Amino acid sequence: MKMTVRKKLFAGFGLVYVLIALLVGFAYYEISALNRTYTDVIDKRVPKLVDAKELEMLIRRQVGSMRGYLLTGDETSKANFETAHEKYKQTSKKLAAELTQTETKQLLAELDLLEQQFYELGQKTFELKEQNKPEQYTALVTTTGREITTKFDET
93 MKMTVRKKLF AGFGLVYVLI ALLVGFAYYE ISALNRTYTD VIDKRVPKLV
143 DAKELEMLIR RQVGSMRGYL LTGDETSKAN FETAHEKYKQ TSKKLAAELT
193 QTETKQLLAE LDLLEQQFYE LGQKTFELKE QNKPEQYTAL VTTTGREITT
243 KFDET
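In the working numbering, the protein residues as written are 93 to 247.
These aren't lab readings, by the way, just hints derived from the structure by calculation. What you are looking at is a predicted structure, and each value in this text was computed from that prediction instead of being measured. Be aware that a few hints might be false.
To be verified - Computed list of lysine-lysine pairs in DSS-like fashion (alpha-carbon distance at most 27 Å, straight line):
(1) K185 - K216
(2) K243 - K179
(3) K225 - K170
(4) K140 - K243
(5) K243 - K185
(6) K197 - K181
(7) K185 - K197
(8) K186 - K140
(9) K216 - K170
(10) K145 - K181
(11) K145 - K179
(12) K170 - K185
(13) K197 - K179
(14) K170 - K186
(15) K197 - K136
(16) K170 - K243
(17) K185 - K145
(18) K243 - K186
(19) K145 - K197
(20) K140 - K185
(21) K170 - K145
(22) K221 - K181
(23) K221 - K179
(24) K243 - K181
(25) K136 - K181
(26) K197 - K186
(27) K243 - K216
(28) K216 - K181
Working from the sequences, and respecting the hints, build out all of it.
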């Protein structure tokens, strides 16, 4: 069989067409894989990060509410402290159900322990405030309170 110019051109363009089709197929596969990865990040990881950030915000709110109550004796600050604690427990429970890795579960357990210790500290300081013992609750906040918040910042 003799290869004419027409057959050679047709074979050359056919080969280029096949190579382009393979390249497009490979690009489509890679873009689909990238899309699945981003979807996984957005659907699964971002909500966990948002929940973790909310836990931090709730602990900061507890700290501010405790200080507000100790400074002013305002019952609203005390109520905000309790509300932040309840929201923390709810968010932590939700996040714990979503976590799969042992290391992240352990970090959450450490945060939960620190938050519980801080909550108990808040209850003690509130009692001392109501008993009008400012030296004692000030000492408690500056020692135990500072230790807990330092551990929280390290976690």
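Going down the list of hints, with the structure as the test:
A C-alpha spacing of about 25 Å is found between K185 and K216, which places the hinted pair at or below 27 Å, so the restraint holds. Restraint check for K243 and K179: the C-alpha separation of about 21 Å stays at or below 27 Å, so the hint holds. Our distance criterion of 27 Å between C-alpha atoms is met by K225 and K170, whose separation comes to about 17 Å. About 22 Å separates the Cα atoms of K140 and K243, which keeps this hinted pair within 27 Å; it holds.
Restraint check for K243 and K185: satisfied, since their Cα atoms lie roughly 21 Å apart, inside the 27 Å limit. With a CA separation close to 15 Å, the supplied pair K197 and K181 stays within the 27 Å bound. A hinted pair counts as satisfied when its Cα atoms are at most 27 Å apart, and K185 with K197 qualifies at roughly 11 Å. The straight-line distance between the Cα atoms of K186 and K140 is roughly 9 Å, inside the 27 Å bound, and the hint therefore holds.
Our distance criterion of 27 Å between C-alpha atoms is met by K216 and K170, whose separation comes to about 12 Å. Between the alpha carbons of K145 and K181 the distance comes to roughly 14 Å, so the proposed pair stays at or under 27 Å and holds. This hinted pair checks out: K145 and K179 have alpha carbons roughly 13 Å apart, not beyond 27 Å. This hinted pair checks out: K170 and K185 have alpha carbons roughly 23 Å apart, not beyond 27 Å.
A C-alpha spacing of about 19 Å is found between K197 and K179, which places the hinted pair at or below 27 Å, so the restraint holds. This hinted pair checks out: K170 and K186 have alpha carbons roughly 25 Å apart, not beyond 27 Å. The hinted pair formed by K197 and K136 meets the criterion: a straight-line CA distance of about 16 Å does not exceed 27 Å. The straight-line distance between the Cα atoms of K170 and K243 is roughly 23 Å, inside the 27 Å bound, and the hint therefore holds.
Our distance criterion of 27 Å between C-alpha atoms is met by K185 and K145, whose separation comes to about 14 Å. Using a Cα cut-off of 27 Å, the hinted pair K243 and K186 holds, with the two alpha carbons roughly 23 Å apart. A C-alpha spacing of about 15 Å is found between K145 and K197, which places the hinted pair at or below 27 Å, so the restraint holds. A C-alpha spacing of about 12 Å is found between K140 and K185, which places the hinted pair at or below 27 Å, so the restraint holds.
Pair hint K170 plus K145 holds up; C-alpha atoms about 23 Å apart against a cutoff of 27 Å. Restraint check for K221 and K181: satisfied, since their Cα atoms lie roughly 25 Å apart, inside the 27 Å limit. Our distance criterion of 27 Å between C-alpha atoms is met by K221 and K179, whose separation comes to about 24 Å. The suggested pairing of K243 with K181 holds, with an alpha-carbon distance near 19 Å, which does not exceed 27 Å.
Of the supplied pair hints, the one linking K136 and K181 holds, its CA atoms being roughly 21 Å apart against a limit of 27 Å. For the hint linking K197 to K186, the alpha-carbon distance of about 12 Å falls within 27 Å, and the restraint holds. Annotation: proposed proximity of K243 to K216 holds, straight-line Cα distance about 19 Å (limit 27 Å). Annotation: proposed proximity of K216 to K181 holds, straight-line Cα distance about 19 Å (limit 27 Å).
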